[in-house]
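K.L.:
Chains as they are written, first to last, in the numbering used here: chain A, 1 to 243; chain B, 1 to 250; chain C, 1 to 204.
A hint or two may mislead.
Which residues of chain C face chain B? A partial, calculated answer using Cβ under 10 Å [said to hold, decoys possible]:
| no. | residue |
| --- | --- |
| 1 | 4 |
| 2 | 37 |
| 3 | 38 |
| 4 | 126 |
| 5 | 127 |
| 6 | 131 |
| 7 | 142 |
| 8 | 156 |
Keep in mind the hints are simulated off the structure, nothing from the lab.
A quick note: this is a predicted structure, and the numbers were derived from the prediction, not measured.
Note that the Cβ used here is the ideal one computed from N, Cα and C, for glycine as well.
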Amino acid sequence: MDGLNPVIELEHIHFGYEAGARVLDDLTFSLHEGEKAGLIGYNGSGKTTLLHVIMGLLSPSKGTIRVLGRRIETRKDFREVRRTIGLVFQHADDQLFSPTVLEDVAFGPLNLGKTPKEARRVAMETLERLHLRGFENRITHKLSGGEKKLVSLATVLVMQPKALLLDEPTTGLDEEARVRIASLLAHLDISSIIVSHEYDFLAETAQKIYSMKGGRIEFDGDSGALHAHLHRHPAESHPHRYI
Amino acid sequence: MIQEPFVCGDSQIHRLDPRFRIVVVAAYAFVVALSDRFSVLFLGLAFSFVLIGISRLPLFEVAKRLLLVNGFVLFLWFVVPVTFPGTPLFHLGPLTATGEGLLVSARITIKSNAILLTFIAMIATSRVATLGAALSRMRVPEKIVLLLLMSYRYIFVMETEYHRLARSATVRGFRPSTSIHTYRTYAYLIGMLFVRAQARAERVYMAMLCRGFSGKFHSLQEFSFSRKDGFWAGCTTIALLGLGVLEWMD
Amino acid sequence: MHISEGILSGPVLVSGIALAAAGTAIGLRKLDVDRIPRAAILSAAFFAASLVHVPIGASSVHLILNGIVGLILGWGAFPVILVALALQAVLFQFGGITTLGVNTVIMAFPAVVSYYVFGPLVRRRPEIALPAAFACGAASVFLGAILVGLALTLTEKNFLKVSAIVAAAHIPVMIIEGIITAFCVAFLKKVQPEILPGNEIDRA
Numbered sequence: 001m002d003g004l005n006p007v008i009e010l011e012h013i014h015f016g017y018e019a020g021a022r023v024l025d026d027l028t029f030s031l032h033e034g035e036k037a038g039l040i041g042y043n044g045s046g047k048t049t050l051l052h053v054i055m056g057l058l059s060p061s062k063g064t065i066r067v068l069g070r071r072i073e074t075r076k077d078f079r080e081v082r083r084t085i086g087l088v089f090q091h092a093d094d095q096l097f098s099p100t101v102l103e104d105v106a107f108g109p110l111n112l113g114k115t116p117k118e119a120r121r122v123a124m125e126t127l128e129r130l131h132l133r134g135f136e137n138r139i140t141h142k143l144s145g146g147e148k149k150l151v152s153l154a155t156v157l158v159m160q161p162k163a164l165l166l167d168e169p170t171t172g173l174d175e176e177a178r179v180r181i182a183s184l185l186a187h188l189d190i191s192s193i194i195v196s197h198e199y200d201f202l203a204e205t206a207q208k209i210y211s212m213k214g215g216r217i218e219f220d221g222d223s224g225a226l227h228a229h230l231h232r233h234p235a236e237s238h239p240h241r242y243i
Numbered sequence: 001m002i003q004e005p006f007v008c009g010d011s012q013i014h015r016l017d018p019r020f021r022i023v024v025v026a027a028y029a030f031v032v033a034l035s036d037r038f039s040v041l042f043l044g045l046a047f048s049f050v051l052i053g054i055s056r057l058p059l060f061e062v063a064k065r066l067l068l069v070n071g072f073v074l075f076l077w078f079v080v081p082v083t084f085p086g087t088p089l090f091h092l093g094p095l096t097a098t099g100e101g102l103l104v105s106a107r108i109t110i111k112s113n114a115i116l117l118t119f120i121a122m123i124a125t126s127r128v129a130t131l132g133a134a135l136s137r138m139r140v141p142e143k144i145v146l147l148l149l150m151s152y153r154y155i156f157v158m159e160t161e162y163h164r165l166a167r168s169a170t171v172r173g174f175r176p177s178t179s180i181h182t183y184r185t186y187a188y189l190i191g192m193l194f195v196r197a198q199a200r201a202e203r204v205y206m207a208m209l210c211r212g213f214s215g216k217f218h219s220l221q222e223f224s225f226s227r228k229d230g231f232w233a234g235c236t237t238i239a240l241l242g243l244g245v246l247e248w249m250d
Numbered sequence: 001m002h003i004s005e006g007i008l009s010g011p012v013l014v015s016g017i018a019l020a021a022a023g024t025a026i027g028l029r030k031l032d033v034d035r036i037p038r039a040a041i042l043s044a045a046f047f048a049a050s051l052v053h054v055p056i057g058a059s060s061v062h063l064i065l066n067g068i069v070g071l072i073l074g075w076g077a078f079p080v081i082l083v084a085l086a087l088q089a090v091l092f093q094f095g096g097i098t099t100l101g102v103n104t105v106i107m108a109f110p111a112v113v114s115y116y117v118f119g120p121l122v123r124r125r126p127e128i129a130l131p132a133a134f135a136c137g138a139a140s141v142f143l144g145a146i147l148v149g150l151a152l153t154l155t156e157k158n159f160l161k162v163s164a165i166v167a168a169a170h171i172p173v174m175i176i177e178g179i180i181t182a183f184c185v186a187f188l189k190k191v192q193p194e195i196l197p198g199n200e201i202d203r204a
């Protein structure tokens with residue numbers, strides 16, 4: 001996949017919360033066009049922090065961020081980033097705050113400058129695409145976990161991002177919802193970083209698997225070459241190779 | 001982020017009985033707020049400086065707190081002298097500033113700062129949980145104390161929840177401006193906050209019931225009025241009486 | 001809308017304390033002990049929401065939200081606002097101690113009025129409810145500004161002009177609060193209508 005244009009490039013990123021240890025320690029990583037990267041790491045390893053740094057919600061103390069080849073530094077730059085990259089939060093409840101589904105999905109386009117009529121149109125199209133037709137007037141707060149996750153995805157996809165960041169997309173989902181999301185993500189043709197600790201989920205949705213350790217990202221292998229598990233295994237959540 | 005930078009000190013004041021501190025601050029606040037003579041006001045201000053000194057609080061933090069209040073006071077300096085009738089002192093274009101107006105503004109400035117500084121030294125140096133327990137021992141109705149303590153407990157949670165929701169807006173390109181879209185967004189964020197608050201409250205209440213809550217508030221804190229407290233009580237009483245005499249006796 | 005220390009006279013301060021105490025007593029009587037967690041968390045939400053600042057022209061303004069608190073809590077607005085103001089004083093040194101009573105009345109009295117005047121209206125259909133909500137938000141700020149003016153003028157007749165200026169300064173805030181209250185009520189009507197207009201609290 002190298003040789004394709006990089007969408008997101010992170011070089012020597014350092015980040016630490018106030019008094020604590022460094023969460024991102026000289027982290028270097030790039031996501032190329034068409035790539036779907038899975039990112040594994042235990043809780044607290046900094047995966048969410050990484051996503052927030054990319055979106056400009058947190059500022060790294062050192063290092064450079066490039067999106068579509070352009071260096072991203074100022075607040076203005078990050079506003080552009082948010083038109084280009086979509087972040088799907090771990091908890092859909094943190095993402096949805098409008099009364100109805102349609103309004104929540106239309107929120108992004110309105111911010112991008114679309115007229116209310118246009119925003120409504122693209123929102124309906126996106127809902128249609130995600131098989132959520134009929135959900136327009138449903139109350140977001142009252143949806144099931146799986147439905148909320150789909151709507152949450154819709155609110156981001158409607159903005160037609162060039163890249164997608166997903167933070168633990170299977171959180172709070174039952175088996176049926178998980179299957180649905182996995183299938184959806186597998187068929188989406190957008191460069192993505194999918195953070196998950198569910199190995200099998202990543203095997204279905206990502207092509208390359210990376211892991212987060214010691215504040216850095218390491219490449220583990222193509223998900224095709226790594227094997228799938230049908231049973232519990234002592235090294236379960238840590239990426240490992242089939243020898 | 002809401003912070004409490006003053007509670008972790010260890011000065012004489014930090015070690016005083018919080019009930020005593022509440023009473024003293026209230027008495028002081030009223031004496032100073034109702035005084036008019038500059039001699040009394042400056043003395044009162046001096047007392048507040050002394051208390052801040054004894055409390056050994058970080059002066060930079062204290063100064064930051066003063067900014068807010070003095071912002072409003074500054075507004076009054078612009079408005080009061082030119083609207084208060086009295087002997088004209090000088091002219092600013094079409095407006096006339098009066099001596100009386102300036103004096104009123106000066107008094108307000110000294111009073112605000114003196115009371116605020118004393119409040120910081122004596123009350124802001126205590127955890128809200130401690131203050132709540134103290135109030136309950138002072139026979140303040142249980143419901144109010146419970147309300148105070150629980151509200152405090154959830155302020156940080158609500159603030160975080162709001163920020164998470166607001167982040168969702170930011171991440172989708174939201175930029176606050178003077179527009180209906182902006183006001184609607186804020187209204188939804190706040191509405192969602194209330195809805196989530198309500199849902200959380202139900203869960204919290206059930207959890208409390210499950211652990212035997214029956215409406216009574218119990219505290220682990222114990223208070224004892226020591227000799228040092230007595231000494232302070234004596235000194236402050238004399239000081240306040242002195243101020244009172246200065247102010248109201250001719 | 002917070003009056004800070006050192007401005008008001010003794011009688012005004014004491015009246016403020018007395019009225020606030022009375023309002024709080026009524027509010028507490030209507031608040032069963034099992035309703036306190038809800039009131040507390042709403043108080044915390046109200047506190048957090050009042051930290052939000054909203055752009056208006058070149059600057060920004062903090063929201064007061066006493067209209068919507070009144071709709072949701074009725075008389076319970078008194079203890080809830082009292083507690084929120086006390087916490088603002090302790091945590092930010094915003095507001096005052098001697099003025100705690102007066103400031104509570106300034107914010108909570110319009111809240112209770114809103115509950116009685118606009119409460120029944122926001123239950124109705126959107127064509128009626130939303131303009132009512134706008135009026136509720138605007139009127140609550142307006143009434144609060146009037147009370148500020150009253151407190152100032154009763155302290156000192158010569159503060160009348162200052163009162164007028166403070167009231168005028170609140171006109172833009174009135175409009176914004178009206179708009180936000182309207183959208184907020186629209187939101188609540190769709191998502192959780194039971195939260196309006198506070199009839200669970202109002203049990204004598």
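K.L.:
If a hint holds in the structure, say so; if it does not, say that too.
P.N.:
Here's how the hints hold up against the structure:
{"no.": "1", "hint": "4", "result": "holds (5 Å)"}
{"no.": "2", "hint": "37", "result": "holds (4 Å)"}
{"no.": "3", "hint": "38", "result": "holds (4 Å)"}
{"no.": "4", "hint": "126", "result": "violated (15 Å)"}
{"no.": "5", "hint": "127", "result": "violated (18 Å)"}
{"no.": "6", "hint": "131", "result": "violated (15 Å)"}
{"no.": "7", "hint": "142", "result": "violated (18 Å)"}
{"no.": "8", "hint": "156", "result": "holds (8 Å)"}
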